[in-house]
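Asker: Work the whole structure out from these sequences, hints included.
Going down the list, the sequences are from chains A and B. The first sequence begins at 153 in the numbering used here and counts up by one. The second sequence begins at 5 in the numbering used here and counts up by one.
Certain hints may be false.
What the hints assert, rightly or not - Which chain B residues face chain A? A few, computed with CB under 8 Å, are given here:
(1) Pro35
(2) Gly47
(3) Thr88
(4) Ala98
(5) Gly162
(6) Ser170
(7) Glu231
To be verified - List time: in silico EDC-like cross-link candidates among lysine to aspartate or glutamate, alpha-carbon distance up to 20 Å:
(8) Lys236(A) x Asp306(A)
(9) Lys520(A) x Asp464(A)
(10) Lys640(A) x Asp424(A)
(11) Lys567(A) x Glu51(B)
(12) Lys423(A) x Glu478(A)
(13) Lys214(A) x Glu432(A)
(14) Lys366(A) x Asp181(B)
(15) Lys520(A) x Glu543(A)
(16) Lys640(A) x Glu610(A)
(17) Lys547(A) x Glu629(A)
(18) Lys384(A) x Glu660(A)
(19) Lys366(A) x Glu51(B)
(20) Lys423(A) x Asp470(A)
(21) Lys89(B) x Glu347(A)
(22) Lys457(A) x Asp516(A)
(23) Lys366(A) x Asp297(B)
(24) Lys567(A) x Asp50(B)
(25) Lys547(A) x Asp492(A)
(26) Lys214(A) x Glu434(A)
(27) Lys640(A) x Glu629(A)
(28) Lys567(A) x Asp37(B)
Think of the hints as simulated: they come from the structure by calculation, not from any bench. In this text, a Cβ means the ideal position worked out from N, Cα and C, and glycines have one as well.
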Amino acid sequence: MSLKKILTTGMLMSTLGMAAQAQTLVYCSEGSPEGFDPALYTAGTTFDASSHPIYNRLSEFKVGTTETVPGLAESWEVSEDGMKVTFKLRQGVSFHSNGQFTPTRDFNADDVIFSFDRQGNAENPYNQVSGGTWEYYGGMSMPDLIDSIEKVDDYTVVFNLTRPEAPIIANMAMDFASIVSKEYADAMLEAGTPEMLNQAPIGTGPFTFQAYQKDAVIRYLRNDNYWGDKAKVESLIFAITPDASVRYQKVQAGECHVMAYPNPADVASMKDAEGVVVMEQEGLNVGYLAYNTQVAPYDNANVRKALNMAIDKQAIIDVVFQGSGEIAKNPIPPTMWSYDESTVDDAYDPEAAKAALEAEGVTDLNLKIWAMPVQRPYNPNARRMAELMQEDFAKVGVTVEIVSYEWGEYLERSKAEDRDGAVLLGWTGDNGDPDNFLAVLLGCDGVGASNRAQWCNEEFDALIQKAKVLPTQAEREALYEEAQAIFKDQAPWATIAHSVVYMTMRPEVEGYVVHPLGGHIFNQVGLSE
Amino acid sequence: MLNYVLSRLLTFVPTFIGVTLISFSFIRALPGDPIMVMAGERGISDERYAELAAQFGYDRPVYVQFWEYLTGVLQGDLGNSFVTKRPVWDEFFALFPATLELSICAMLFALALGLPAGVIAAVNRGKFFDRALMSTALVGYSMPIFWWALLLIIVFSGNLQWTPVSGRIDLLYYFPDPTGFMLIDSIASGQKGAFISAVRHLILPTIVLGTIPLAVIARQTRSAMLEVLGEDYIRTARAKGMSPGRINGIHALRNALIPVITVIGLSVGTLLAGAILTETIFSWPGIGKWMVDSIFRRDYPVVQGGLLLIAVMVMIVNLTVDMLYGVINPKIRKR
Numbered sequence: 153m154s155l156k157k158i159l160t161t162g163m164l165m166s167t168l169g170m171a172a173q174a175q176t177l178v179y180c181s182e183g184s185p186e187g188f189d190p191a192l193y194t195a196g197t198t199f200d201a202s203s204h205p206i207y208n209r210l211s212e213f214k215v216g217t218t219e220t221v222p223g224l225a226e227s228w229e230v231s232e233d234g235m236k237v238t239f240k241l242r243q244g245v246s247f248h249s250n251g252q253f254t255p256t257r258d259f260n261a262d263d264v265i266f267s268f269d270r271q272g273n274a275e276n277p278y279n280q281v282s283g284g285t286w287e288y289y290g291g292m293s294m295p296d297l298i299d300s301i302e303k304v305d306d307y308t309v310v311f312n313l314t315r316p317e318a319p320i321i322a323n324m325a326m327d328f329a330s331i332v333s334k335e336y337a338d339a340m341l342e343a344g345t346p347e348m349l350n351q352a353p354i355g356t357g358p359f360t361f362q363a364y365q366k367d368a369v370i371r372y373l374r375n376d377n378y379w380g381d382k383a384k385v386e387s388l389i390f391a392i393t394p395d396a397s398v399r400y401q402k403v404q405a406g407e408c409h410v411m412a413y414p415n416p417a418d419v420a421s422m423k424d425a426e427g428v429v430v431m432e433q434e435g436l437n438v439g440y441l442a443y444n445t446q447v448a449p450y451d452n453a454n455v456r457k458a459l460n461m462a463i464d465k466q467a468i469i470d471v472v473f474q475g476s477g478e479i480a481k482n483p484i485p486p487t488m489w490s491y492d493e494s495t496v497d498d499a500y501d502p503e504a505a506k507a508a509l510e511a512e513g514v515t516d517l518n519l520k521i522w523a524m525p526v527q528r529p530y531n532p533n534a535r536r537m538a539e540l541m542q543e544d545f546a547k548v549g550v551t552v553e554i555v556s557y558e559w560g561e562y563l564e565r566s567k568a569e570d571r572d573g574a575v576l577l578g579w580t581g582d583n584g585d586p587d588n589f590l591a592v593l594l595g596c597d598g599v600g601a602s603n604r605a606q607w608c609n610e611e612f613d614a615l616i617q618k619a620k621v622l623p624t625q626a627e628r629e630a631l632y633e634e635a636q637a638i639f640k641d642q643a644p645w646a647t648i649a650h651s652v653v654y655m656t657m658r659p660e661v662e663g664y665v666v667h668p669l670g671g672h673i674f675n676q677v678g679l680s681e
Numbered sequence: 005m006l007n008y009v010l011s012r013l014l015t016f017v018p019t020f021i022g023v024t025l026i027s028f029s030f031i032r033a034l035p036g037d038p039i040m041v042m043a044g045e046r047g048i049s050d051e052r053y054a055e056l057a058a059q060f061g062y063d064r065p066v067y068v069q070f071w072e073y074l075t076g077v078l079q080g081d082l083g084n085s086f087v088t089k090r091p092v093w094d095e096f097f098a099l100f101p102a103t104l105e106l107s108i109c110a111m112l113f114a115l116a117l118g119l120p121a122g123v124i125a126a127v128n129r130g131k132f133f134d135r136a137l138m139s140t141a142l143v144g145y146s147m148p149i150f151w152w153a154l155l156l157i158i159v160f161s162g163n164l165q166w167t168p169v170s171g172r173i174d175l176l177y178y179f180p181d182p183t184g185f186m187l188i189d190s191i192a193s194g195q196k197g198a199f200i201s202a203v204r205h206l207i208l209p210t211i212v213l214g215t216i217p218l219a220v221i222a223r224q225t226r227s228a229m230l231e232v233l234g235e236d237y238i239r240t241a242r243a244k245g246m247s248p249g250r251i252n253g254i255h256a257l258r259n260a261l262i263p264v265i266t267v268i269g270l271s272v273g274t275l276l277a278g279a280i281l282t283e284t285i286f287s288w289p290g291i292g293k294w295m296v297d298s299i300f301r302r303d304y305p306v307v308q309g310g311l312l313l314i315a316v317m318v319m320i321v322n323l324t325v326d327m328l329y330g331v332i333n334p335k336i337r338k339r
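Answerer: Below you can see the structure in the form of structure tokens.
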């Protein structure tokens, strides 16, 4: 066969193939999942491939929002003192089956207890399986927060807490809280292959896991017994494509329908391209420069505010984010409830900044700026950002030295209370709750750890501690708005930017919604003929 | 010949130990540790850190860790990946066939074009064809792989739509892969069109990965041929009236092959290095990308195990090359 004939036949085959598989949605993902048990991992890429298609949680985030809606729990009730949360579980929900396992019973309270117990109880046989690291369970303070979990009956579970915690319902919707089958876990333990829980996952979600070819393809089939709205496509394929330019070529060539993370530089031409649709939404994140508020002269709020005025944030958005970001004025992103629209940002004004510094008696200031060695949505190029700030600060007479360390080192060293210099860092929300930003990043408990500004303001801390235990969102909202005003007045950070998330897809894709928490969810996505 | 092979095999032992030590210390010499990388911005408490360090076994002195690693290696146990929690051995052999298949195709491509190009250039020394070929080879050698790959994708997959953009086979084909070699598995699957799809997916990555070896082989063949063509026995052959095809193709090429084979052996290292970029661009699930990801994640067992296995592969290839010298030149065999 001539080369031309081979090529033509092949092309025909693939075109026919795509037509025959009109009900297969192909998603060009950016990387490989670490595994399929979401509780073991922290990467969004892993959650996209595991928790979203395969599993459910007691509560769920409504796609496209940070609002929690019932999931495997039909309803819940928080006791008056906030110390007990009672979940009423959904009945008639079945787990998937695979070659090694067919469930003999429906989902019930035992599965809920097992899903959490394996993460928190060292005696649980699954605690050490697969190198059980349970990062998120620890990171969300579950070991301190959950006193015990009780089974009242097959469909009622009570979480006894050590303190009232309003974000607990949102926490239950997070990926690490995905509900796994105890029956499957027991069967695999008995068969001597407990690692199958991570490698051949069984959940209750809209898609069943079919196969994973490492670093290449993940295949799912629609779960026709799904308890909720069934998936619109018959099968879902993740084509793992690490290079962003290649992902875009694949969308254009019809080899995939949806792609994540386009190159920011390509977005403008994508918007003009035919046969390609680009969606965008602000990401649930914030990038910031944290001063060390315990070291002079940065312990003076006026100095910090003067420095903030010296930063040309628009230039940063244009150069570092190449347009795929927007200026941040608050420590929480605009898609989050309680975001204070009325905040007035420190205007870029080098002259005023210089005068303000002189008024505070600060001259010949030397500042170290720490530039992260990694790329993050909230800061795609920290080194470049630091260089722009270096130029800005030079204009007000501040000399900047840029420093950087290996990522692990960077995170560790930047925690030190006597740290020299201001740190570029950021945060992506986990559960859509303002507490997940304000308490973690700015609370007094975080000093010497996640609070890189080493800023402990009693008034601010009292507000967020109080907000954490109030039962209604409206009551909490008022306190968080007050806290944001204090933050702006005290300026422990220069808030820089929130990223904008882009999704690129073919026009036949229907119903895709950009999820503010960053996941890529295909349960509700269909394909037009 | 047997003695020759045995003596070569003996040199494996110190090399193997050296590689084990280097691969073990190399990743530990890099700053940062896997737990901090895993914890990321969220951080980790000191107690949790200690627990995990104990679980991964690197709270113990380095020499103890090395000893355990070495005894593990000798028993065929390379440990489990910190990240995926799966045995390094399983991961390597799930991915290695993809790299091997691509490397073999790239090498065949380089040989198929490089050898004749070198011979033709040597025979036409100084003429237009020689100059054109050698300039092209220089361009091929100096071209950044990343740029070359994207250029080919944009032209052949994007504009002309002759080849698929990336991957190993069209996604509509789904069959078990007992050997991991897509060309073989696609035939074994019996699915219509699967083999052709696999071949089409191989075209661009093969060209990209084969470009540098092609340039090197063409240049090396040319210079080796030029040397041989100046020898007395060639002049004698010509004087006897032998046909130019016979002189160049049989008498000259066979003797010119020794240095070319050396280059081919050395190119295996280049192929594996090139595979890292080629695999990333073409979403080719091989060991190159796997190793790079693991280095970034400080996944010690994968990096040290992967390096060791790659080194062993390179050693085997070099041994084969050494044996080939013997086949081509009986003088070496008898020495």
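Asker: If a hint holds in the structure, say so; if it doesn't, say that too.
Answerer: Going down the list of hints, with the structure as the test:
1. Pro35: Holds - the Cβ of Pro35(B) comes within 8 Å of chain A, reaching about 4 Å at its closest.
2. Gly47: Hint holds; Gly47(B) Cβ to chain A Cβ min 5 Å, cut 8 Å.
3. Thr88: holds (5 Å)
4. Ala98: At 5 Å from the nearest chain A Cβ, Ala98(B) passes the 8 Å test, so the hint holds.
5. Gly162: holds (5 Å)
6. Ser170: holds (5 Å)
7. Glu231: Status violated, d = 36 Å.
8. Lys236(A) x Asp306(A): The hint holds at about 18 Å.
9. Lys520(A) x Asp464(A): holds (18 Å)
10. Lys640(A) x Asp424(A): violated (39 Å)
11. Lys567(A) x Glu51(B): holds (17 Å)
12. Lys423(A) x Glu478(A): holds (18 Å)
13. Lys214(A) x Glu432(A): holds (18 Å)
14. Lys366(A) x Asp181(B): holds (12 Å)
15. Lys520(A) x Glu543(A): Roughly 13 Å between the alpha carbons, so the hint for Lys520(A) and Glu543(A) holds.
16. Lys640(A) x Glu610(A): Judged against 20 Å, a Cα distance of about 15 Å means the pair holds.
17. Lys547(A) x Glu629(A): It is violated: about 39 Å lies between the C-alpha atoms, which goes past 20 Å.
18. Lys384(A) x Glu660(A): holds (13 Å)
19. Lys366(A) x Glu51(B): violated (33 Å)
20. Lys423(A) x Asp470(A): holds (18 Å)
21. Lys89(B) x Glu347(A): Satisfied, since the Cα-Cα distance of roughly 8 Å is no more than 20 Å.
22. Lys457(A) x Asp516(A): Distance of about 17 Å is within 20 Å: holds.
23. Lys366(A) x Asp297(B): holds (13 Å)
24. Lys567(A) x Asp50(B): Answer holds: Lys567(A) to Asp50(B) is near 13 Å, not above 20 Å.
25. Lys547(A) x Asp492(A): With a Cα-Cα distance of about 31 Å, the restraint between Lys547(A) and Asp492(A) is violated, given a limit of 20 Å.
26. Lys214(A) x Glu434(A): Given that 20 Å is the threshold and the Cα spacing comes to 17 Å, the pair holds.
27. Lys640(A) x Glu629(A): holds (17 Å)
28. Lys567(A) x Asp37(B): holds (16 Å)
The structure is inconsistent with the numbered hints 7, 10, 17, 19, 25, although it conforms to all the rest.
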